[in-house]
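Top to bottom, those sequences are chains P and Y.
Residues in the first sequence are numbered consecutively from 356, following the working numbering.
Residues in the second sequence are numbered consecutively from 487, following the working numbering.
Be aware that a few hints might be false.
As the list claims (entries may be wrong) - Computed list of chain Y residues with no C-beta within reach of chain P, every gap over 12 Å:
#1 K494
#2 M501
#3 F504
#4 A511
#5 F512
#6 L528
#7 W529
#8 L535
#9 I537
#10 I541
#11 V544
#12 H550
Said to hold, decoys possible - Beta-carbon label-pair distances, calculated as ranges:
#13 P:D389 x Y:I541: 16 to 26 Å
#14 Y:P547 x P:L449: 21 to 31 Å
#15 Y:L533 x P:F462: 54 to 64 Å
#16 P:L409 x Y:R517: 13 to 23 Å
#17 P:G471 x Y:G519: 42 to 52 Å
Stated by the list, open to error - For the chain P half of the interface with chain Y, some residues (derived, Cβ under 7 Å), not all of them:
#18 F420
#19 S475
#20 N478
#21 V503
It should be emphasised that the hints constitute simulated quantities derived from the structure, not laboratory data.
The beta-carbon is built from N, C-alpha and C at its ideal position, and this holds for glycine as well.
The residues making up each chain are set out below.
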Amino acid sequence: MPDEIPIAESTTAVQVAPSAPPYSATAKDRHRRDALALTIAAAAWFLPGLGHALLKMWGRALVCFSTVALLVILGAGMRGNIFSRNGEDAFAKLGYIADLGAGSFYFVAQALEINGPDVSHANGDYGTRLLATAGVLNMLAALHAYEVARARKA
Amino acid sequence: MMPAHEFKLSHFQAMVIFALLISIAFGFLSRRGAYQRARYILWSFILFLIIGVGIGWVMYPFSH
């Protein structure tokens with residue numbers, strides 16, 4: 356019958372898979388993506404909102420930057436305690452980690468607080484909490500940017 | 487005299503500002519779309535205030 360296609364003719368159309376190992380390109384891409392995600396997380400930590408800006412998430416970038424900046428300005432303005440590296444107890448060390456989470460804004464807070472901390476009043480105590488919150492919030496935002504860069508989150 | 491860059495906030499003002507900023511940040515980080523975000527921010531903000539005032543009332547007897 357003229358409509359029948361010979362078996363030999365149909366099989367020759369199928370291309371054989373290339374000789375390169377099937378997983379090398381995928382693993383390479385994954386490593387590259389992981390390195391990029393880590394870079395984005397570091398950028399997000401260093402300057403609040405920068406990680407999301409690099410991912411072209413402009414709204415989130417603006418909100419991260421604004422909220423962390425406002426918390427730092429308010430916290431420093433209320434004369435909150437900015438913990439230093441030489442903390443005496445575990446709380447001071449944890450406070451330092453939380454404050455350092457704000458990245459470069461840690462130094463902004465130090466520069467803003469000219470008269471030093473005053474935690475003898477509730478105002479200064481609230482300021483301490485706001486500064487720690489700024490740091491923890493920035494760490495959360497950096498983690499979010501990292502997860503987005505690794506395509507685990509939208 | 488208080489310098490211009492220093493802030494004196496009452497307990498309630500500090501709580502409201504904290505709740506608002508954190509709600510906005512959480513809303514933008516965890517939700518997509520304007521409506522979903524607005525709903526989350528409003529709900530989170532209200533819960534922050536209610537729970538904050540509630541904890542204040544629970545602690546009130548201990549201050550006397």
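Hint check results:
no. : hint                        : verdict
1   : K494                        : 6 Å, violated
2   : M501                        : 9 Å, violated
3   : F504                        : 7 Å, violated
4   : A511                        : 4 Å, violated
5   : F512                        : 9 Å, violated
6   : L528                        : 15 Å, holds
7   : W529                        : 17 Å, holds
8   : L535                        : 16 Å, holds
9   : I537                        : 16 Å, holds
10  : I541                        : 14 Å, holds
11  : V544                        : 18 Å, holds
12  : H550                        : 18 Å, holds
13  : P:D389 x Y:I541: 16 to 26 Å : 42 Å, violated
14  : Y:P547 x P:L449: 21 to 31 Å : 30 Å, holds
15  : Y:L533 x P:F462: 54 to 64 Å : 34 Å, violated
16  : P:L409 x Y:R517: 13 to 23 Å : 21 Å, holds
17  : P:G471 x Y:G519: 42 to 52 Å : 44 Å, holds
18  : F420                        : 10 Å, violated
19  : S475                        : 14 Å, violated
20  : N478                        : 6 Å, holds
21  : V503                        : 10 Å, violated
In summary, the numbered hints that this structure violates are 1, 2, 3, 4, 5, 13, 15, 18, 19, 21.
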